[in-house]
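Chemist: Letter by letter, the chains look like this.
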Amino acid sequence: MFQQLPYNVAVIDREYNIVEANRSFTEYFGNWHNKKCYEVYKKLEEPCNDCPAIEVLKDKKSVVFDSIGIDQHGKKTHYVAQVFPLKTGRGSKINYFMEMTNTVTEKDHWQQECQILFDRVPCYISVIGEDFRIVRANEAFRENFGDVIGQFCYKVYKRKKTKCRNCPAEKTFKDGKAHHSIQQGIDVKGQKIHYAVSTSALIRGGDSVAHVIEISDDITELRKLENEVIEAERLAAVGQTVAGLAHSIKNILMGLEGGKYIVSLGLKKNNKEMINQGWEMLERNFDKTTSLVKDFLSFSKGRLPKQEMIDPVDLVLEIVDLYKDIAAQSGIKLKSKIGKNVKPAQLDHDGIHTCLTNLVSNAIDACLMGDHKGTEVLISVSEGRDKLIFEVSDNGSGIDYEIKKKIFTTFFTTKGGQGTGLGLLTTRKIVKEHGGNIKVISHKGEGARFIMEFSRKRLSSLYKQSKE
Amino acid sequence: MPGNLKKKILVVDDESDVREFLKTALLEAGFEVNVAEDGDIALEKIKKEIPDLISLDLVMPHKSGAKLYRELSKHKEWSKIPVIIVTGHARDDLGKADLKELTMSGPGIYLEKPVKPNNYIAAVKGILKMDTTEEEKNVAEMVHLQNDLKNIIDSADPDTLKKLKELINDKK
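Sequences listed follow chains B and E, in order. The first sequence lines up with residues 214 to 681 when you count with my numbering. The second sequence lines up with residues 33 to 204 when you count with my numbering.
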């Protein structure tokens, strides 16, 4: 019986001597007669450090451990060992133990590691079949969604009764390619969760996709943080806006105060010229109030961009048409440059139109302020790496460092009474609402380049969000 | 005031209405007035003729009031010119830092827009230590007091502010 066991079995005494071993053991580790266990198992000359087997001699319980040894051909081998204490005769003293080893291959180990990886990675992994039933799910998935094997994935993820629209897994079943999307689901506690899911094909025999593996990253916390940041920025913006508004009103009041003073002085002195001068001042500042309120209202419209598929090239040409004459009248050339393969994008037509008119009219003003001739404004649109890029550049007066720091802040203007200080701020707001970025490159006296960049991925995800 | 002894004031502000307003008020009070629409132009005018006082706006294109002030203070003769700041940016991010620097190191007095012509003239006369009417003296004193208080409040910690508020409420 001992000889027939399908394991490598050896009996070892307290001094590490192998006193008996079965056939399987002999075939695997070679000759063991008059040898110490460490010589046979590991081809060592001294006992192993921290020998786990010897522990059974102390507390008499069996132990299991895995180890690496060397077989009789000198080949490294992984094995799992179970060690039992052996009682011989009377008394409680244990003098022998039995070690049963089962060799495992690299592949087994690798599989084991994969299983651990599958269960322990901090994301939800599930394997679903063509019928959208979950075949396997990892630990994180089961913790968050409960016992789910055999259930429909859409029921588990979203508690829905039918397949989701734009299901990335369905796409993968069709084309065998990886797909990604952002989804919203409900966890086992009924809490709403956000996750980014990637699907890949599992092909088992044949060419068709038999299963799809879904790997989802929980981005609920991230979303929450994102929203908190947006909220904080919004509050800060409100504060800035109120301060800016107060400043604008103070300036207008100063003008009204001045007008009032000059008119009353003129009346007192019976000086018609003075009365006229003061009256004009009053009129100007009343007009300023009107335009401030108008700009302010358009700025405060806290709305989501109304995105639709539009051709950015058309938009650029529209602006050129609009400003061609105004620029020409001031002796400024207005040019446009259209990049290669500019594709339609999900933009808010009116919003981007406002941005471009703001930038172009600023550029024209900068040209007027500059003191050299041959000024021109260039408006361009091009495709970058997954980006749509608009650029408005001029060779006008340029912006010095001190002012550059402030141009995107509320109500900052260098145009004296001509500007409300809302143009660039509104522009930035619209760009941000599109998930884009605006930057300026300029030095005093060297013109300026305003660059608006829109990530196509962000545009399409914002578009999807607005449709939901 | 005899013509040849008229004090010369340089009004620096980027808004034409403000320049006109302050100029008119100063002319009425018997001053000689020169205007400039930014720091660069002001510097050119100072080079030609040193004014007795500069009325200075803080946030302006090209050269801001703070920048001009820094340049003046490096120059031996110009650093002695008294300056009164007339600004709308006393409490916002654009002007607060500059104003703090200027009130700590220099002119010490600022008026916040919108200003009343009487207060403005009284403050100017106060800085120039000119003869003033009883009313103007009172106004000048009040402006100084207001300025001191503003400076104290601007640099006070929240606890002190609370105490101040309680104190004022008690008096009411």
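You may find that some hints are simply not true.
As the list claims (entries may be wrong) - List time: in silico DSSO-like cross-link candidates among lysine-lysine, alpha-carbon distance up to 30 Å: (1) B:K481 / E:K95; (2) E:K79 / B:K481; (3) E:K79 / B:K657; (4) B:K463 / E:K77.
Read the hints as simulated data drawn from the structure, not as lab findings. Treat the numbers as computed from the prediction; the structure is a model and nothing was measured.
Chemist: Does K77 (chain E) lie within 30 Å of K463 (chain B) when you go C-alpha to C-alpha?
Modeler: Measuring from Cα to Cα gives roughly 28 Å; hence the hint holds.
Chemist: If you draw a straight line from the CA of K481 (chain B) to the CA of K95 (chain E), is it 30 Å or shorter?
Modeler: violated, 38 Å
Chemist: Has the given pair, K79 (chain E) with K657 (chain B), been kept, meaning a C-alpha gap of at most 30 Å?
Modeler: Between K79 (chain E) and K657 (chain B) the Cα gap is close to 24 Å, so the pair holds against 30 Å.
Chemist: When you check the alpha-carbon spacing of K79 (chain E) and K481 (chain B), does it fall within 30 Å?
Modeler: Measuring from Cα to Cα gives roughly 37 Å; hence the hint is violated.
Going through the hint list in order, the structure does not satisfy hints 1, 2.
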